[in-house]
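Following the hints, position chain B against chain A.
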Amino acid sequence: MELTLEEKKQKLAECSTGQDFFDLYTLIFKEPVPETGNVNFNDELDIVINAIIDNKKIPKEKLPKIWD
Amino acid sequence: MATRQEILSQLADDHEKRISKVLFDLEDDIIAELESATRQVTLNTDLAIQLRPNLKRLIEENYLKEGTRIVSDYDKVVKEYQNFIKTTPIADKFKTLTKPDLAIINQLKQLSFSGFQDVANRFLDEISTEVYKSAIVGKPFPDMVRTIRGQINGVYQRSNEEAINRLVRVVEENKYSNDPAAIKKTQDATKILQTKYAADRVGNNMKKYASQIAHDSLMQFDGQFTKYKAQEAGLTQFKYVGTNITTTREFCRRQLDKVFTEEEAREVWSQSWKGKSGGDPFIDRGGYRCRHSFIPYDTAWDNIDEVQQKVDPKKTRKKRVEPEKEVKPKSLVPDIAIGNLLNRGSSKVRKAYDDDFNSQLTDQQKNIVNKIEKPAIIKNGKKGYYSPSDNELSAELNAINKSKNAPDEIKGVKSFVIAHEYGHHIDYVTSGKTFRAWSRDNEDFKRAIQKDKRKFKGTNIVDGKIDPTNSKDGYFSINDDEALDRIFNDLATKIEVTIDKGGFSYTRKFTELREDGYAEVSDIIDALFKGRFRKNYYMWGHTPSYWGRAGSVEEEIFANLFAIKHNEKAYNLAKKYIPNTVKEFEKRLIELERL
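Just so you know, the sequences run in chain order A and B. Note that our numbering has the first sequence beginning at 1, numbered continuously upward. Note that our numbering has the second sequence beginning at 1, numbered continuously upward.
Do not take every clue at face value.
Said to hold, decoys possible - 30 Å max Cα-Cα, derived DSS-like pairs, lysine-lysine:
| hint | chain 1 | residue 1 | chain 2 | residue 2 |
| --- | --- | --- | --- | --- |
| 1 | A | 9 | B | 330 |
| 2 | A | 57 | B | 530 |
| 3 | A | 30 | B | 501 |
| 4 | A | 62 | B | 133 |
| 5 | A | 56 | A | 11 |
| 6 | A | 60 | B | 351 |
| 7 | A | 60 | B | 330 |
| 8 | B | 379 | A | 11 |
| 9 | B | 509 | A | 62 |
| 10 | B | 371 | A | 8 |
| 11 | B | 379 | A | 65 |
| 12 | A | 62 | B | 414 |
| 13 | A | 60 | B | 382 |
| 14 | A | 60 | B | 371 |
| 15 | A | 65 | B | 371 |
| 16 | A | 65 | B | 446 |
| 17 | A | 57 | B | 509 |
| 18 | A | 8 | B | 404 |
| 19 | B | 446 | B | 587 |
| 20 | B | 351 | B | 330 |
Source of the hints: derived by calculation from the structure; they are not laboratory data. None of these values were measured; they are calculated from a predicted model.
Bound-form chain A, shown alone (with noise of 0.2 Å):
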């Protein structure tokens, strides 16, 4: 079931912890939300807070193996 975009409003206020908005990401996107490469988790929820407004999935990047 595809969320419309009021109810896409709604969850997003109500989304509380970091986990809220990945799990909000998981049910728009039907899958986790990948590996970004981010030390900081911050901007890793930018990324995924963006991804939930704009409709566009983060895409899926290659890492090297140590990163920071």
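Frame of chain A, contents of chain B only:
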């Protein structure tokens, strides 16, 4: 000599105490009135209606009368403003009160008094309604009395039990103190009172609102008058002043002693935080019952002792006796050049890269780096990484750890990413094995990490089963949220912000690291907690799947220790959290130095 802020605080406490006292009197008077009115006749709806003017009179005689006295006290706020402003070098004509000033003061006082009137009207309605409703349904008199007592003073209402009254007195005597023992007494007594009245606890009582109005009206009057006078004098900057106590909001803690223009203050105050009461920095400050305030300020006044005596005399005294800052001795080991290995960059960038790298190393580390083969390629890239197979390293010049979209007032701290990635390089090329890190295979280092992990609460797993004996063998999985809370407080603070974007509105947290190198310390903790620190606390670290790769925990801890070795604060925290691992790391540095 008390500062302007201390006097404001004392006044606010005094006003609250006075309101508290009159509410006890009001409670007694209202109950006496009801008892007297129903001595001969049973309470009925006609009597209930007749009682309303009497209740109104009692509220006016007790509460509003005290409110009038309190508001007239606001002249002391004006006087304190004048005492402060006369120490500043502004033109004399702005240091006195003019006729229009007096008119403004009166208007502001009227505005403040209307807050007291609102509370009076609201509770007159509530109490009268309770009397009327009790008459209709025939509620027993003692039950009605108890409800009305609760409407006025909540759990602090008068009781027939002396033990309860004693607890109320304990709260009244200790609640305005900052002494930890007094705070504890207040908390304990309140807890018992809340338990006692749990069944019929009245949350929105008059005491709660009246005390808050008494406090906030005074501070709001101060904020508005100060702003008005500053504007008149053409002063455009304001300092946020006050003290830190245990209940100080994180937001206020961050803004204290900062100097803002009005525009900057309004921008900072537009965010959300817990306890915020409104968006005007000068009126609402940190929110309900906030004890902080703005004073007009100019950074040029920093060196005027008379001004500082009024703002913060402790700091003035400290400033006078402070010894000269110790100058760090210059390194005896020549700087190491790695800027020449950058795949691209001007000579200026290469030089800056060298400077940044060398600032992240101790002399011992420089000696080690000098002895060991350098990476083949270095990139000044946004994303940090080390690739052993290509002997390539990427680290950003002058990297700052701050979230990209964090609010402006969050300050960034230095990240020691060049030393971190170079730490990986040293770890790999000195192992004696191809594409394999020393830390991954060194038994003492690995054991030290396991030993440090066992300082936390957790579960020992042996052969896939929980080992209740917690033997030294097996894999130890940490589960210690209390420790994480403490460590988070050591390393960072958090703020909550509501963001409106593209028609969406959401609330999220942002983390601010307290000091340089604390992202590296965070990564060490995240390694021990396998990604939970990063994700649950909005910190710096790696993902659970990254920590699932064999060797990742040991390698990252090694690289992080290498990165923060030169920074006393960050390194001391690492010693506190993982003392055994730090010991093994230091042993390794000595070995490498002797190579």
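Checking each numbered hint in turn, tell me which of them this model violates, lowest number first. Structure breaks hints 1, 4, 6, 7, 8, 10 and 14.
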